[in-house]
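Enquirer: Generate coordinates for the entire structure from the input sequences, incorporating the hints supplied.
One rule links them: number in my numbering = place in the sequence shown (from 1) + 705.
If you are wondering where the hints come from, they were derived from the structure by calculation, not from laboratory data.
Errors might be hidden in some of the hints.
Simulated restraints, written as ranges between beta carbons of each label pair [unchecked claim]:
| id | residue 1 | residue 2 | range |
| --- | --- | --- | --- |
| 1 | 826 | 707 | 23 to 33 Å |
| 2 | 788 | 724 | 17 to 27 Å |
| 3 | 827 | 904 | 20 to 30 Å |
| 4 | 764 | 900 | 18 to 28 Å |
| 5 | 762 | 725 | 27 to 37 Å |
Where a beta carbon is used, it is the ideal one built from N, C-alpha and C, also for glycine.
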Amino acid sequence: MSVVVLISGRGSNLRALLEAGLPVSAVVSNVPGAAGLAIAAQHGVPGRVVSHKDFATREAFDEALAKEIDHYSPRLVALAGFMRVLTPGFVQRYRERMLNIHPSLLPAFPGLNTHQRALAEGVKLHGCSVHFVTADLDHGPIVAQAAIPVRRNDTAASLALRVLTQEHVIYPRAVRWFLDGRLAIVNGAVSVEGGDAQLVFDDRA
706 MSVVVLISGR GSNLRALLEA GLPVSAVVSN VPGAAGLAIA AQHGVPGRVV SHKDFATREA
766 FDEALAKEID HYSPRLVALA GFMRVLTPGF VQRYRERMLN IHPSLLPAFP GLNTHQRALA
826 EGVKLHGCSV HFVTADLDHG PIVAQAAIPV RRNDTAASLA LRVLTQEHVI YPRAVRWFLD
886 GRLAIVNGAV SVEGGDAQLV FDDRA
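Expert: Right under this line is the structure:
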């Protein structure tokens with residue numbers, strides 16, 4: 706029933722998962738010294754490093770990463786700020802048991818610099834999405850989303866901070882749904898047994 710979390714940086718979503726009491730069995734980073742590894746250590750969770758710089762190809766890196774993950778036999782792999790594009794073979798290996806948190810209301814603004822792009826487009830709502838990982842970058846069946854209004858005086862930094870707060874709400878919730886066996890994917894759409902709300906809208910944020 707365990708979760709292996711993949712990180713590249715500060716680990717704020719990792720912290721949210723740990724503080725929610727989710728059964729994280731290991732944290733793996735592709736960046737030596739990533740701040741999230743210290744968070745793992747503080748919670749007594751093993752931290753491992755598989756540096757992508759040690760491998761000549763994406764495929765070789767992904768194979769080494771998969772071996773590290775499989776050592777813990779997790780039920781779920783959770784990407785939490787993991788800044789690597791995964792190969793189709795890796796994605797297939799963990800098909801329908803790998804989740805990602807992305808800072809936009811997908812399918813809008815996949816990729817990087819989502820907050821700057823949202824402001825440049827003048828959208829009135831922005832937010833974050835938890836989705837199953839597929840071979841297409843930042844696509845895949847959406848499990849949960851949180852939306853907030855974009856304020857007239859928002860900057861990319863202020864918007865990012867407010868969205869991050871919502872990420873910490875919906876990611877632990879989505880992971881819990883998965884571990885409890887409450888998620889179903891039918892025709893590319895995800896439903897939650899029991900009818901829990903898959904959209905959070907916080908107009909106070």
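Enquirer: Quick check: which numbered hints come out false for this structure?
Expert: 1 and 4
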